[in-house]
Amino acid sequence: RKEVEQDPGPFNVPEGATVAFNCTYSNSASQSFFWYRQDCRKEPKLLMSVYSSGNEDGRFTAQLNRASQYISLLIRDSKLSDSATYLCVVKNTGFQKLVFGTGTRLLVSP
Amino acid sequence: DTGVSQDPRHKITKRGQNVTFRCDPISEHNRLYWYRQTLGQGPEFLTYFQNEAQLEKSRLLSDRFSAERPKGSFSTLEIQRTEQGDSAMYLCASSTEGGNEQFFGPGTRLTVL
Chain A
4 RKEVEQDPGP FNVPEGATVA FNCTYSNSAS QSFFWYRQDC RKEPKLLMSV YSSGNEDGRF
64 TAQLNRASQY ISLLIRDSKL SDSATYLCVV KNTGFQKLVF GTGTRLLVSP
Chain B
15 DTGVSQDPRH KITKRGQNVT FRCDPISEHN RLYWYRQTLG QGPEFLTYFQ NEAQLEKSRL
75 LSDRFSAERP KGSFSTLEIQ RTEQGDSAMY LCASSTEGGN EQFFGPGTRL TVL
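Taken in order, these protein sequences are the chains called A and B. Numbering of the first sequence is given in this note's numbering, commencing with residue 4 and proceeding in unit increments. Numbering of the second sequence is given in this note's numbering, commencing with residue 15 and proceeding in unit increments.
It should be emphasised that the hints constitute simulated quantities derived from the structure, not laboratory data. All of these numbers come straight from a predicted model, not from anything done at the bench. Glycine residues also receive a C-beta, built at the ideal position from the N, C-alpha and C atoms. It cannot be assumed that every hint is accurate.
[As the list claims (entries may be wrong)] Heads up, simulated DSSO-like pairs for lysine-lysine below, C-alpha to C-alpha not over 30 Å straight-line:
1) A:LYS45 with A:LYS82
2) B:LYS71 with B:LYS85
3) B:LYS28 with A:LYS45
4) B:LYS28 with A:LYS94
5) B:LYS85 with A:LYS48
[Said to hold, decoys possible] Beyond 10 Å from chain B on every Cβ pair, some chain A residues (computed):
6) ARG4
7) PRO11
8) PHE14
9) ASN15
10) SER31
11) SER52
12) GLY57
13) PHE63
14) ASN68
15) GLN72
16) LEU83
17) THR96
18) GLN99
19) LEU101
20) PHE103
21) GLY106
[As the list claims (entries may be wrong)] In silico negatives: residues of chain B with every beta carbon more than 10 Å from chain A:
22) ILE26
23) GLN31
24) ASN32
25) THR34
26) ARG45
27) GLY54
28) SER80
29) GLY86
30) SER87
31) PHE88
32) GLU92
33) GLN98
34) GLU115
35) GLY119
36) GLY121
37) LEU124
Isolated chain A (complex conformation) (with noise of 0.2 Å):
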């Protein structure tokens, strides 16, 4: 079993859409949480970090339950341009390396 789960997608949706992408983490010893994206051919850039309150950045949400060991992203009035996949990632206590998921890949269309 992968450390972070996610499901690959695809997933189409029409510009102006919500949509909404989880993942699972197995070990408890996460203490750091974020949300990467990648477009085809290119290198991972951060989309944002995930915090145990929740966090907002424009049309962007992520939420975190500790309890259940579950990531969200949730993305409003998608855009074109947001096609792309959309990686979970931890870090976990003591290491500095990043665990990824497999990514979801997202397509919006006109």
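Following the hints, complete the assembly by docking chain B onto the known chain A.
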């Protein structure tokens, strides 16, 4: 451009050959990381340096792989006796000591024929 840079961007080699990749981190970042990414997967951690010290190393890093960061600035990743299974994107990232965000370079795409 003050981001992470990697060289070469693409490398095609024959099975059994040795290859070496270079990563130049963001100049004030003392932490440097190597990851490997295959198609349809997220990046997998290989190794991590703080300055010139190699502090974490994945089980994925077999005896054929070696990484160095001799002066605490740029780093090299060498793969000896390449195998077809080594074909992947090799990503380098850097961060500051207190920072949570790792900044990734564009990667070196390795194809082993």
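A quick look at each hint next to the structure:
A threshold of 30 Å between alpha carbons decides the hint, and for LYS45 (chain A) with LYS82 (chain A) the separation of about 19 Å falls inside it, so the pair holds. Restraint check for LYS71 (chain B) and LYS85 (chain B): satisfied, since their Cα atoms lie roughly 19 Å apart, inside the 30 Å limit. Taking the CA atoms of LYS28 (chain B) and LYS45 (chain A), the gap is about 25 Å. The hint holds against a cut of 30 Å. About 36 Å separates the Cα atoms of LYS28 (chain B) and LYS94 (chain A), which puts this hinted pair outside 30 Å; it is violated.
Annotation: proposed proximity of LYS85 (chain B) to LYS48 (chain A) holds, straight-line Cα distance about 27 Å (limit 30 Å). Against chain B, the non-interface label of ARG4 (chain A) holds: every CB pair exceeds 10 Å, the least being about 15 Å. Once the 10 Å rule is applied to beta carbons, PRO11 (chain A) is inconsistent with being away from chain B; the minimum gap is 7 Å. Taking the minimum C-beta to C-beta distance to chain B, about 15 Å, the non-interface status of PHE14 (chain A) holds against the 10 Å cut.
With a least CB separation of 17 Å from chain B, ASN15 (chain A) remains clear of the 10 Å interface cut-off, as annotated. The non-interface label for SER31 (chain A) is consistent with chain B: the shortest C-beta to C-beta separation is roughly 19 Å, beyond 10 Å. Taking the minimum C-beta to C-beta distance to chain B, about 6 Å, the non-interface status of SER52 (chain A) is violated against the 10 Å cut. At roughly 17 Å, the least C-beta separation between GLY57 (chain A) and chain B is larger than 10 Å, which holds for a residue marked as non-interface.
With a cut of 10 Å on Cβ distances, PHE63 (chain A) stays outside the contact zone with chain B, its closest approach being about 16 Å. Distance to chain B confirms ASN68 (chain A) as a non-interface residue, since its nearest Cβ pair spans about 20 Å, more than 10 Å. For GLN72 (chain A), the requirement that its beta carbon stay farther than 10 Å from each beta carbon of chain B is met, with the minimum near 17 Å. The beta carbon of LEU83 (chain A) is kept farther than 10 Å from every beta carbon of chain B, the shortest such distance being approximately 23 Å.
Residue-level check passed: THR96 (chain A) sits 13 Å from the nearest beta carbon of chain B, beyond 10 Å. Against the 10 Å criterion, GLN99 (chain A) falls within the reach of chain B, whose nearest CB is about 5 Å from its own CB. Consistency note on LEU101 (chain A): stated as away from chain B, yet its beta-carbon is not over 10 Å from all of that chain's, at 6 Å minimum. For PHE103 (chain A), the non-interface assignment is contradicted: its Cβ lies about 3 Å from the closest Cβ of chain B, within the 10 Å cut-off.
With a least beta-carbon separation of about 5 Å from chain B, GLY106 (chain A) fails to lie farther than 10 Å from that chain, contradicting its non-interface assignment. Taking the minimum C-beta to C-beta distance to chain A, about 16 Å, the non-interface status of ILE26 (chain B) holds against the 10 Å cut. Here GLN31 (chain B) stays apart from chain A, with its beta-carbon at least about 24 Å from theirs, past the 10 Å limit. Residue placement check: ASN32 (chain B) keeps its beta carbon more than 10 Å from all beta carbons of chain A (closest about 25 Å).
Non-interface status of THR34 (chain B) relative to chain A is upheld: no Cβ of that chain comes within 10 Å, the nearest being about 20 Å off. The claim that ARG45 (chain B) lies off the interface is violated: its Cβ sits roughly 7 Å from the closest Cβ of chain A, which falls inside the 10 Å cut-off. The Cβ of GLY54 (chain B) sits about 7 Å from the closest Cβ of chain A, inside the 10 Å cut-off, so the non-interface label is violated. At roughly 18 Å, the least C-beta separation between SER80 (chain B) and chain A is larger than 10 Å, which holds for a residue marked as non-interface.
The claim that GLY86 (chain B) is not at the interface with chain A holds, since no C-beta of that chain comes within 10 Å of its own (minimum 16 Å). Distance check for SER87 (chain B) against chain A: the nearest CB is about 18 Å away, which clears 10 Å, and the non-interface claim stands. The claim that PHE88 (chain B) lies off the interface holds: its Cβ sits roughly 17 Å from the closest Cβ of chain A, which is beyond the 10 Å cut-off. The claim that GLU92 (chain B) lies off the interface holds: its Cβ sits roughly 20 Å from the closest Cβ of chain A, which is beyond the 10 Å cut-off.
At roughly 21 Å from the closest C-beta of chain A, the C-beta of GLN98 (chain B) stays outside 10 Å, upholding its exclusion from the interface. Not every CB of chain A is more than 10 Å from the CB of GLU115 (chain B) (nearest about 5 Å), against its label as outside the interface. The beta carbon of GLY119 (chain B) sits about 6 Å from the closest Cβ of chain A, which is not more than 10 Å, so the claim that it is off the interface is violated. Residue-level check failed: GLY121 (chain B) sits 6 Å from the nearest beta carbon of chain A, not beyond 10 Å.
Residue-level check passed: LEU124 (chain B) sits 14 Å from the nearest beta carbon of chain A, beyond 10 Å.
Comparing the model with each earlier hint shows violations of hints 4, 7, 11, 18, 19, 20, 21, 26, 27, 34, 35 and 36; every other hint is respected.
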